[in-house]
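A.B. asks: Please model the entire structure based on the sequences and the hints provided.
Protein chains in written order, with my numbering: chain A, 655 to 955; chain B, 655 to 955.
Simulated from the structure, these hints should not be mistaken for laboratory data.
No copy is singled out in the list; a pair is fine if it fits within one copy or between any two copies.
With a straight-line cut-off of 30 Å between C-alpha atoms, the simulated DSS-like cross-links for lysine-lysine are: (1) Lys792 - Lys907; (2) Lys907 - Lys946; (3) Lys840 - Lys932; (4) Lys911 - Lys794; (5) Lys947 - Lys904; (6) Lys843 - Lys739; (7) Lys739 - Lys810; (8) Lys695 - Lys715; (9) Lys912 - Lys840; (10) Lys912 - Lys946; (11) Lys740 - Lys810; (12) Lys907 - Lys947; (13) Lys911 - Lys940.
Protein chains: 2
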Amino acid sequence: MSLLVIGTVALDSIKTPAGIQPDLLGGSAAHFAMGARLFQKVHLVAIVGQDFPQQHIHFLKQKEIDLTSLKVGDGKSFRWEGEYKKEDLNSALTLATELGVLIGFIPEVALHQKRIPNVFLANIDPDIQMGLLKMMHKPKLVGLDSMNLWINHKSKELKKLMTQVNLFVANDGEARSLTGEYNLVKAAKALRRMGPELIVVKKGEHGVLFFCDSFTFSFPAYPVEEVVDPTGAGDTFAGGLMGYLSRAGKINKTVLKKAVLYGTTLASFNVEGFGMSKTSPLTLTKANQRLKKLLAHISFS
Amino acid sequence: MSLLVIGTVALDSIKTPAGIQPDLLGGSAAHFAMGARLFQKVHLVAIVGQDFPQQHIHFLKQKEIDLTSLKVGDGKSFRWEGEYKKEDLNSALTLATELGVLIGFIPEVALHQKRIPNVFLANIDPDIQMGLLKMMHKPKLVGLDSMNLWINHKSKELKKLMTQVNLFVANDGEARSLTGEYNLVKAAKALRRMGPELIVVKKGEHGVLFFCDSFTFSFPAYPVEEVVDPTGAGDTFAGGLMGYLSRAGKINKTVLKKAVLYGTTLASFNVEGFGMSKTSPLTLTKANQRLKKLLAHISFS
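C.D. replies: Right, here's the structure in full:
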């Protein structure tokens, strides 16, 4: 039961109170893959430019991520430059975005990948997400993430896409702006009415709210003391969530709770270092150790 | 093992997206008492003015709150006028404050109340809190709440008080401004170093973080869909917390977790109606029913 993700692979230049790091491997699909690979073979669909460092490609291959459908386009790689201020490490300030090869990117999927049953549409233009989805052959589980840029500028396309996915992952701000509901329980319900059966609202350091027709649940985040760089935390969360769901091969309350807890656990590693410095050395054993600590932290008994 | 609280008893005029309500019974000690009374006999120490409606006094008496040390001062009652905007129901906008009889208030405690073992210093001027504490005879458990006004203007007095209490309750903003730490785990640790052994950081709709030397835990809030009026939610939370702790008569991990969950549960009722409209009809049976729902919402298994 492998897993395919489409999204961005980027060069991130990041400034946080902990320091400045240029040209880190980043992007929604890359961070997702770094989380999901602990549970599943991950196939990555994305595009990079001619200038993309060979070392990053090599690194992804070493992590056993299938790069068959990673295109190298004519032009420059997608770059994002962002800053996090001490006063609010939850919110990124975008300093610069260079779309580069993302402009006009038409994803391609190898024949043997079209029947992959689990698909995640990580944050990228909804038209590209839809293009990918149409290429897939009857996927069993489709997850979707987006961002405020698309909510504001491609709301129609995004809403159409939402009618065709099973799981929607949004942060609190996105959930609010997409639905117009301030209250997150109401916002989750409104998102459910827009299509997806499974709604996950991420609240950064405040944890996660899960909503579906039969039940809801909430978990706090793992209490991280030194947040170094939150870039990619949401994607890493989604990677842990979808990775575990794909591996479980079935969906029920217990599986969903465990999937959310794995997402929470992996995201806590992600924020503890720049880029993928803390998620790339991760093993499932190490993740399980922290998951156990998280359970002790949040359980009543 | 009864419980004594000092704090304000106020007339609140509140505007929220759900409506406008003038002259509601409010104040930190009153909301605290409304929560704590489910677990313990509550003795209230506060002052009201000549204009204070007899119906509110009658109401508190009906709820079996001991008013022996509720003074009626010369002058007007303490009034607070606040507004909550749709975009952020967590934060109150203070429109007007009239201190009235609070100015120069020197609390008095009846002789039979001085040996009450559980004391809560609800939000009021730290000098008044200290004055009360000095009157008490070797209390077993002392809890303290404050607000940004005192953190900014009476920081020295507040910090001195913190060295003399066991439990400190703060919301996230207060924890941050008192310690200068943005990260809430770090802030909780810094608060611990300031004196109190037990630290509770309230995050409104995002739940609670608990910290002490031996362990930490977090719980999300109960998922309330219709927040009508959050005024007094923190005080009601503290009432449930201290009420349960006093009744338990001992402090350990399980007792603390249950106390925090009771606080969370009572606060969820508080926000569902104006003033005390939802907490005043509460019984322990009804609270237990919601506590059960909350446990189902937050538990892993």
